[in-house]
Every structure is written in structure tokens, then in C-alpha cells.
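Heads up: the protein sequence lines correspond to chains E and Y, in order. Our numbering numbers the first residue of the first sequence as 1 and each following residue consecutively. Our numbering numbers the first residue of the second sequence as 214 and each following residue consecutively.
Hint data in this document are derived by calculation from the structure and do not stem from the laboratory. A couple of the hints might just be wrong.
Label pairs and their in silico Cβ distance ranges [stated by the list, open to error]: (1) G406/Y x A197/E: 24 to 34 Å; (2) E175/E x P400/Y: 43 to 53 Å; (3) E329/Y x A117/E: 13 to 23 Å; (4) P208/E x K324/Y: 39 to 49 Å; (5) P208/E x D301/Y: 15 to 25 Å; (6) S326/Y x A189/E: 30 to 40 Å; (7) D58/E x A358/Y: 22 to 32 Å; (8) A332/Y x P157/E: 45 to 55 Å; (9) Q359/Y x N180/E: 21 to 31 Å; (10) Y390/Y x R191/E: 41 to 51 Å.
Computed list of lysine to aspartate or glutamate pairs in EDC-like fashion (alpha-carbon distance at most 20 Å, straight line) [what the hints assert, rightly or not]: (11) K142/E x D386/Y; (12) K355/Y x D173/E; (13) K149/E x D386/Y; (14) K362/Y x E116/E; (15) K324/Y x D389/Y; (16) K206/E x E372/Y; (17) K368/Y x D292/Y; (18) K142/E x E388/Y.
Quick look at which bits of chain Y chain E covers, simulated, 3 or more residues with Cβ under 8 Å [stated by the list, open to error]: (19) 237 to 245; (20) 250 to 260; (21) 265 to 273; (22) 280 to 294; (23) 365 to 374; (24) 391 to 401.
Predicted model only: the values in this text are computed from it and were never measured. Ideal Cβ placement from N, Cα and C applies to all residues, glycine included.
Protein chains: 2
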Amino acid sequence: MAFDSPTSRTRVNRLPKRGDYSQKTIYAILDAGFLCHAGFVVDGQPYVIPTGYGRAGDTLYLHGSAASRMLRTLAGGVDVCVTVTLLDGIVLARSAFHHSMNYRSVVMLGKASAVEADAEKAAALRVISEQIVRGRWDDVRKPTAQELKATAVLKLPIEEASAKIRTGPPLDDEEDYALNVWAGVLPLAIRAGEPVADPRLAPGAKVPKYLMK
Amino acid sequence: MAFDSPTSRTRVNRLPKRGDYSQKTIYAILDAGFLCHAGFVVDGQPYVIPTGYGRAGDTLYLHGSAASRMLRTLAGGVDVCVTVTLLDGIVLARSAFHHSMNYRSVVMLGKASAVEADAEKAAALRVISEQIVRGRWDDVRKPTAQELKATAVLKLPIEEASAKIRTGPPLDDEEDYALNVWAGVLPLAIRAGEPVADPRLAPGAKVPKYLMK
Numbered sequence: 001m002a003f004d005s006p007t008s009r010t011r012v013n014r015l016p017k018r019g020d021y022s023q024k025t026i027y028a029i030l031d032a033g034f035l036c037h038a039g040f041v042v043d044g045q046p047y048v049i050p051t052g053y054g055r056a057g058d059t060l061y062l063h064g065s066a067a068s069r070m071l072r073t074l075a076g077g078v079d080v081c082v083t084v085t086l087l088d089g090i091v092l093a094r095s096a097f098h099h100s101m102n103y104r105s106v107v108m109l110g111k112a113s114a115v116e117a118d119a120e121k122a123a124a125l126r127v128i129s130e131q132i133v134r135g136r137w138d139d140v141r142k143p144t145a146q147e148l149k150a151t152a153v154l155k156l157p158i159e160e161a162s163a164k165i166r167t168g169p170p171l172d173d174e175e176d177y178a179l180n181v182w183a184g185v186l187p188l189a190i191r192a193g194e195p196v197a198d199p200r201l202a203p204g205a206k207v208p209k210y211l212m213k
Numbered sequence: 214m215a216f217d218s219p220t221s222r223t224r225v226n227r228l229p230k231r232g233d234y235s236q237k238t239i240y241a242i243l244d245a246g247f248l249c250h251a252g253f254v255v256d257g258q259p260y261v262i263p264t265g266y267g268r269a270g271d272t273l274y275l276h277g278s279a280a281s282r283m284l285r286t287l288a289g290g291v292d293v294c295v296t297v298t299l300l301d302g303i304v305l306a307r308s309a310f311h312h313s314m315n316y317r318s319v320v321m322l323g324k325a326s327a328v329e330a331d332a333e334k335a336a337a338l339r340v341i342s343e344q345i346v347r348g349r350w351d352d353v354r355k356p357t358a359q360e361l362k363a364t365a366v367l368k369l370p371i372e373e374a375s376a377k378i379r380t381g382p383p384l385d386d387e388e389d390y391a392l393n394v395w396a397g398v399l400p401l402a403i404r405a406g407e408p409v410a411d412p413r414l415a416p417g418a419k420v421p422k423y424l425m426k
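Extracted from the complex, chain E is given alone in its bound form:
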């Protein structure tokens, strides 16, 4: 895999010990998230847009309205950067300088292309849906031909990517450890609350098991 030997563009320059280029690490981070930030350039101006994604094999799928500027731009095969960030905690050091965050992130570079065939499009939408809420796809009305037409699906080969991870307690200057300042990690995670039913829920529709904690 290309990311086992990072290119000059994906090498983690700062704090290289935090860099990780193994496919296993990169895929584990991608699989633990479902929201990415996609970066692309229009007239020299970078744009960064949040969007859902799904991974299947060595391909990352994005989707959106066929009318979306981002999707239309990316489908043209321009250079894109897709970044996935999982925030795991705030690292509280004894000095302001050594404060940090614990996180897992992946930065992917490449060029996207449009998925055109309806069957492949539907399969990709299923991948994205299952990445966000596993089990949901089987329950819902599937896309019609017209809905597929209104949906742009992009695929991006996962070829040039790197992961960056920070874990563990703060690393303070040796002389600061004696300070009477609380230090450690405040763990953070995205948590789901109780499902909120649609006011127009059909009588008898029950909260599916995949939404329960």
C-alpha cells in the first residue's frame, strides 16, 4: 500500500513519532468515524466542507446532492484532501505550553471520481448508511431511480494517506512535575442520547435495536 511508505505529502513532519502509515491503523480510524472534512480548491481558494463517508475495501465513498458545488467540483477529478478526526480527550499539563489533545486522525490525498452506474451507486450509498448507523439500510425505503439520479456519489481510492495519533497523559518539563497543579486527561467522546421520535411516527413503529445503547 502506498501509505506504508509515505510520500513527501503525507509524511507527518511535526512530531513524527505520532505518525503512523499502516493500513490497519488508517482503516481502523476511518471505520471508527463517519464524518469527514473534505478540502478542495476553487479559483485558488481552499474550501473545507463536513460530510458523511463510508469505507469499503480500499475505497472511500462520499455522497451528496447532484447539485452540490462540492460534489460537482470533486467529480471533476480535482485534488482533494479528506480528513477524519476523532477527538479522544483534552490533555491538561502543568504548563500552558504542554497542553494538548488526544486524538486519532487520518489525512487522505487523492482524486475522486463519480460513481455512475445505478447498482454501484446504491451499493455505495448502503456503505455510507451502514457506516453511520449499522443496520439501518435494511429497514428503510430504498432509493428510487429518480433519487439515485439526484444523488452524486464519489469514490476516492485510499492510496496516499497517513494517520496521526496521540494518547496518554501529558508530558511536562521535568521541573514542572513538582508543581501542585492537577494534570491528566479529560476524556471526550461522541455519545448518543435517547432517540427522539418524529412527531409523525406511524403508530406501532418501534425504536430499532441498533439505536439502543
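Based on the hints, put chain Y in the right spot on chain E.
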């Protein structure tokens, strides 16, 4: 404010009813987060990097190592896009097509510049620190002159920005409301867990109140 009348670059093109350009809305979203994704271009390639930020008045501050590629690039006054995304929930519709997410996001465009003076740098670092954990700055050892030198701080005027917000239940096609499919919102939020003390914590250092729920 410039964002009260969006430019062609910040106008929300898709689903314009979700666009909001008021300063109040934009600042409320910026103030509710502390992690952004900064996009910039090097040799035509967009990069998207997660980083902490803080807002003071009409200025957004970013910081990082003086050796960081991102910080050095941005300090050169290149075009940057800073995006803040707060994910509020997954919107589960009766049809695959109408699934969505509830979120609040801000997209900011501009050019950053380096904060050079030590006093302004320290003040900006305080802003960022307080945005991440309010109350922390007063407890910790402040940056030395050497640490300030090793830290790059950037300021970005909040001039060209837009917010995008989705709230509420799914919007299904009328004929789908009769389907016996559970629909609604799965609320999501970043939650803090119990603080984890540094193994080398000084005896007597107590968990500060600002970390308690």
C-alpha cells in the same frame, strides 16, 4: 459585518434556507466549539488539518509549533478556509434518501497573519486555552519567553463567513409517512468522561472544579 451580506464564495448554495449569515449565529457556533479544520493549499494540493482555536472579538486565533508546516504556510498570508462543525444528531428518515444529520457549522475564508509581539501572543494563547477549558489558564505555569518563541500564533479576521444549521425531525416524502419505519433523531454530543489523573500527579493536587460535571 461582511458576513451579513455573503459574498459569492460564502453563500450557501445548496438548501439556502439552511444558510445563516448573522454575526450572532456565527459567533455562537464558533464559541460552542474549540476544534476546527483548517484548509490551505501547497503546490496546488489542498490540505485539511484539525487544530484548536479561540475567538476574541472579530478575530480567530490558531496556534501550533513554530516548526509546523501548516503554521508556517498560513503565516505567509495564503488563502485559508477554517471550518467548525458541531454534530448534533443523526436524522433517521423512512427513506434512505432523506437521511441527514443535524449540525451547526461555520465556514470562514480569509488570510491569516502571524502574531509577533510576546504580549499579544500570550493573550492569544490564553484565549485559545480558555476556549478549550475555561478556567484552566489561571492554574498553570505560563509560557516562558523560549516557549513563546517556539509557538506560532496566527490571527484570522472573521470577515467572510457563513453558518449552516440543520435541526429537527426528518422530512420525508408525504407518501412515506405511512410506512411502519421508526423515524426521528438520534442526538449526538461530545461528552466528557471522568478526569484521568496523570500517574505522576503531585500529592494533594485536586481535580479542578472546571473539569467536574
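Name the hints, by number, that the structure is in violation of. 3, 7, 10, 14, 15, 16, 19, 21 and 23
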